[in-house]
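Novice: For this one, chain A is given, so just place chain B on it according to the hints.
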Amino acid sequence: MATIHIEDVSKNFGTFHALKNIFLSAEDKEFTALLGPSGSGKTTLLRTVAGLEQASSGRISIGAMRVDNLAPKDRHLAMVFQNYAVFPHMTVADNISFGLKTKGALKEYIAEHTQRTAALLHIEDVLHKYPNKLSGGQRQRVSVARALAVQPQVLLMDEPLSNLDALLRLEMRSELKALLKKSETTTLYVTHDQIEAMSMADKIAVMNNGEIMQYGPPEEIYFKPKHEFVARFIGSPPMNLFTVQTLKTVNKKTFAVINNDIAFVIEASLKTKIQENFDACGVLVGIRPEQLSFKGSASHAKTFADASTIQSEVLTIEQLGSNTLLVLKSNEILFRVMEKYGIKIDLNDRVTFGYQPNQLSWFGKDSGMHIEA
Amino acid sequence: MRKKAILYYGLGIFFCLSVLLPIYFLIVLSVSGRDAVYAWPKIFYVANLDWSMFRFFFEVEGVTRAMFNSVLVASLTVVFAIGLGTPAAYALARYNFFGKNFYRIAILFTRAFPVAILALPLTVRFINLGIYDTIWAVVIVHTALALPFSILIQSNLFQSVPKELEEAAWLLGCTKLQAFFKIMLPICMPSVAATAIFAFIISWNEVFAAAVLTVKNRTLTAFLISQISESPLFFQITGSFFLVIPTLFFIFIVRKYLFSLWGITNK
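Residue numbers (my numbering), protein chains in the order written: chain A, 1 to 373; chain B, 1 to 267.
It is possible that some hints are incorrect.
What the hints assert, rightly or not - Chain A is faced by these chain B residues, among others (derived, beta-carbon under 8 Å):
1) G130
2) L172
3) G173
Bear in mind the hints are in silico, worked out from the structure with no lab data behind them. Computed from a predicted model, the values in this text were never measured in an experiment. We put the beta carbon where it would ideally sit given N, CA and C, even for glycine.
Bound conformation, chain B alone:
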């Protein structure tokens, strides 16, 4: 029994460290200056704070533009994933319509094909539509990637709200739309916000579609993926910092809701 516990905890600690240590070094090194990056042995703590690497990073041509693109694409993805996903989720949660079960599965089909396979036809189509190498091409693909999560998570969410709450509102003089905005949405707001942030993260992290579908108007991930392999180590470290830390930060904010959305009880 005891041996088993030691094994479990040992494995647990090992996996935690394998994830956390690189992140820890990433943070420490990115604020310690260039010399610390190349120094050996590596330091485990910040000796003196040095922002020079960040300064350099933002002075590199294209970085601010790419970062702005990333924020814009991710924000638009959120707008579409929520704007389209919420009504669809509500329909799935509250109405019985022909082909409902098929629709529920069909939603997942967008995730069934790897982006790598879709990349060529999408590129051709986007060139024809004249939106190749614009952020709209990336927004469309990212929305398609985020929508299944947005719909399925929110439909579970809406289903968990007692129908009587809406019915009471209808009887008290609300139209169905009013009842949705006055009752359903406020009750679900924390989780809808979590869903929005999750869509933001999906877009922020996505690299393949963004790299294939743009040449000049790149998002930060796509920009860095083309730059990092031929960049010095200190630039790689700052680049990684900006890819990893915002995501971690957002996930951390909404972790409670994501757990409950995914059915993991948060004790």
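Just chain A, same shape as in the assembly:
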């Protein structure tokens, strides 16, 4: 059982707070992605778990064992580095067996296990070669094989795919996912690539400024962002966020008015909470580009009678293959809509989009916190 428990961990570099009171619990065999922009503290958190950085305060446990005062070698974990860190003066075989040798495994076991791990990563043909004769992708495989060979309780990966070219990255991504599923290793995976995190991870911890903004399964991160930052950071293109100008009640329905063309209807259950937040510090409303659907050209000006539509003009049209990305403009407010390929639309058309009121996300403008019923 290799759970990871991070409790109230902080890390300061001088006066800079790299990590602020981090809590995170990863279950056994779970794949957790630490996702965030550069400088958000995700690599520092990973290195703190590894023991390469000393936490300023807090506790870290792996399984039942508290590890934050142990040397890296006693923590029973392995790490894959961004720059691979393959030992240049050793052959691939020596690289893979390095951990087993230092741990004093039996010779026959080392030979057999090295072979097996190499086969797992499809590098059995280059075992006798030196790293400088290998491609970047092969080096990455060696570095993963070296980490897996010691059968660690916990595997830490620091942006392992970021140095590979796009095609190779895609290939390695699915291969790595299958491999880690099979090896049943608890994994912490640092990445700034949200697609990588979404596609591989069981859970994602979105980090910003040394804090975990949200921790949960990918769908939850995507569809129910708990914080404005998560809404802006996740999704490509990210969520559209509008600043609510006024709240207006028409025919017993309350609308969050953005401008003459755009107003979002507020669900009855949220009405009081949003009113409170609006009075206190303002409110943002968000909707994902693909959650807005094209309803045809706008034949008349927006009225509050058609509750779940908004109107605007088409500024740009980008064909992205299977999808079409529209940038729309309404009185200096820009937002994006993702539509299926084949939509009949022209530049500067005035068009109507529909939305589902229950798909809207509401955030306090100053706090950034999600507003819930």
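Specialist: Coordinates of chain B only, in the frame set by chain A:
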């Protein structure tokens, strides 16, 4: 433009010849026998090989002893310059400690005072310690001269090795010391060897301290400096041969590493 090129090449050739010609004559004359040394005009090539000058040189009393001392002193200097210099270099490269920048400069202080000024106090101190006129006195001074190079060159070297390599080794079950010997040292070995040879050359070439601090137990340089002025020309030539050629030979072996250590790209 063309004139400039001619000027550069002309100067280049002039300086090369001014260094290379004496060395060339040194080699040719030292294997051509006594008669060739005194003959006029001088010969430009070896007519018939004659080792008699070397034979004579080694038969002179004190030469073999001095040569043995030189090798011993230089070897011990290497042992201390590497043995003390490598840990210091590693500390400078990988750790942040109080006074690190001052320490880096302080290392160079040993080279800031000319040996001529230090000679008298050192002599007094060594007499008090009872190691005056032993090779240890010379070894201590030579180590002090070689250490700054050893430390600064190696710390640059260690710094150029990605930290992740060591970190990977730590995570794979190595202590910091094991990681140093299994990862850092093998990767840096060629350059550490070059540093060692460089320390050897510093000691082999050093004459002043060796001459002041010893009377009987002289190194080859110190021995020759006291002998050469009152020796015949052919003895001077063989003596110079043994001072110059080993140094050149070693420098030649490690030139590639010395260039890269000093930041000159070797194209």
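Novice: Determine which of the earlier numbered hints do not hold for this structure and return their numbers in increasing order.
Specialist: 1
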